[in-house]
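Heads up: the protein sequence lines correspond to chains Y and W, in order.
When you line the first sequence up against our numbering, it's residues 375 to 727, in that order.
When you line the second sequence up against our numbering, it's residues 5 to 310, in that order.
It is worth saying that the hints were derived from the structure and are not from the lab.
Owing to the predicted nature of the structure, the values given are computational and were not obtained by experimental measurement.
Glycine included, C-beta positions come from ideal geometry on N, C-alpha and C.
Among the clues, some could well be false.
Claimed, not checked - What follows is a list of derived Cβ distance ranges for each label pair:
#1 W:P136 / Y:L622: 24 to 34 Å
#2 Y:T394 / W:I198: 46 to 56 Å
#3 Y:V538 / W:K274: 38 to 48 Å
#4 Y:F597 / W:V275: 30 to 40 Å
#5 Y:E665 / W:F145: 53 to 63 Å
#6 Y:T394 / W:P92: 28 to 38 Å
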Amino acid sequence: MTVLRPAGEFDESYATDMATIRRGWQWIALFGLIAGVYLLPFYASQSTVALVNRIAISIIAVQGLNLLTGYTGQISLGQAAFMTVGGYISALLAIHFGWSFLITLPVAALGAGVIGLFFGLPSLRVKGFYLAMSTLAAQFIIPWFTRNAFPELLNGAQGVNVPVPVIFGIEFNTPQKYLYLTITFLIITTILASNAARSRMGRAFVAVRDNDVAAELMGISPFKYKLQAFFLAAVFAGVAGALSAHHLRHINSESFNLNDSVLLLGMLILGGMGTNLGPFLGAAAVELIIEFATIAGPIVSAWIPSNSAGGVQALRPLLFGLALMLFLIFEPKGLAHRWQLIKAAWRLRPFAR
Amino acid sequence: MNWQLVPQFAVTGLLAGGPLALMALGIVLIFKSSYIFNFAQGQLLLLGTLFTWWLTVEQGLPLGLAIVIAIIASAILGLVIERLALRPMTGQPLLAIILMTLALGQFLQGSALLLFGGTQRNFPQIFSAAKPYKIVTPFLFNDKPIIIILKQNLVWSFVVAVLGVAIISAFFQFTKTGLAMRGASEDHELAQSIGLRINRIFGISWAMAGMVATVGGILLATSSGLDLSLSLVVLSAFPAVLLGGLESIPGALVGGLIIGFSSGLVNASKVQIIRKSAEIVPYVLLLIILVIRPEGIFGQKRIERV
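Next comes chain Y alone, as it looks inside the complex:
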């Protein structure tokens, strides 16, 4: 997809050409949007704010997955496992050392990254489907570890209660207050992710994705960049896991399970792989589908009386699976691609596309 700019818009300096945000009005729109999200607690209901929190946390995890799967082409079924790692590390540091959230979160991210590096090691030998299986192994081994290892520290299958983060004397104990944390970290990770994608490393990721043997012949070490991608993906997952654990104030081995890993991959596909916009659109779409299932569940349960309790639990995977299948068949490039098409059509109007 070539970049289609509005007629008469030219880049007059190298800086404008390189910039992600090129026009003054785009800056204004961006700050307007950020301000609108930050001010949500003043005009939106608590459930909306909680939904935005969930979406923001999902976006961070999907951004990491996007670097690994979207840019580097390594399929990962273990993103949720690395969220578990991040959540536990942050929780334990906060409980046992009383460290501030601003310290536990980066440490948790790094810890998750190291574990991610370990499970990325098979990418030295295998790729494609086989690599997906080795990340699936992470999804089983890590929760098992939290259930069974160091019972006095990790408290087995019960999990641990996570303290409320306190920063500069402010307790982030309601969804409204927590929103400031999630959105701030989302802004940071967005800047990191979009710049990582267009750095030397990001270009190398794409080369490895398109053909790793050819990339190696051009002097790009596939193993090095695959491991970097695994590390980065797990770091993002660690941030998302820590944010989620301190938000829900509890974490156990089932907090982030295989279904969540599939959900994150689904968000990436729905949004569009290898784009910066994709994780936003995908995470929002999937979380809205899940929200819709929560509303529609009781209605469906009423239709099928034999199954009065399970309507919500049934509709969530059903609708998510259906949406993902339809997207894979009819819109495999995701919502971000559709957005590009809409923009292009608008700019070319009234001429044909």
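Got chain Y sorted already, so can you dock chain W onto it with the hints?
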């Protein structure tokens, strides 16, 4: 190690590997013909088994008839899935196809919960629960021979599973359709150019996978009850598939048995944490095999060109 328990757990584990092998077989069947790894095999199994339960318990059909109808129905389900979900994905990248089967799994899991509800059910006993078999081994412990006690359903599930693998091996070896499917697995375009109908072969392999899944599910449900978590059992069959080699039918059997055997052996340990590791043993084996020999024991090594 509790040495006096080793024979018991080793044999139990080996026998438990039988149904596992049957599930691995269903995955291998599809992969062999179409290079699709079916992550939805567990949900196929769940739906087939729930349908059998519904026919026999809710509708009062005799168990044998119910099983036959369910096997036919799951073959049709396999055909429908192939036509509606996987056919449009032909030629798409690997990630899209993997995600398609994952999405399919989510969809089928949700459908199963919606149609049948999530309660734990008792599946009718096929093999008598009383009178387990006793085998006296030549090993002595405290001057008494070690006796292995085997439940009937464990033994017969194993027999059915091995029979299933044997029948399908024979099908691939001796029938024309089976030979055509093997030919198709070598190269899709080449197979089409010599007049094999690729679409029909994919359909047949999905139908067979559905049937195998239902048989495996019934075997599991009759020994351990039936609820929605049945679909998760297949997760420990994935390592069996990779262990044996993705294209190999005997490999599915051997892989299943190795996984069952090693999970069983771990249970004989005296250390609690090692006993508890039985649930991740398949995946640890998987990681080891991926690093040492990614193509599996019987699989084909692929050479890649740029």
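Hints versus structure:
no., hint, in the structure
1, W:P136 / Y:L622: 24 to 34 Å, "46 Å, violated"
2, Y:T394 / W:I198: 46 to 56 Å, "53 Å, holds"
3, Y:V538 / W:K274: 38 to 48 Å, "43 Å, holds"
4, Y:F597 / W:V275: 30 to 40 Å, "36 Å, holds"
5, Y:E665 / W:F145: 53 to 63 Å, "60 Å, holds"
6, Y:T394 / W:P92: 28 to 38 Å, "35 Å, holds"
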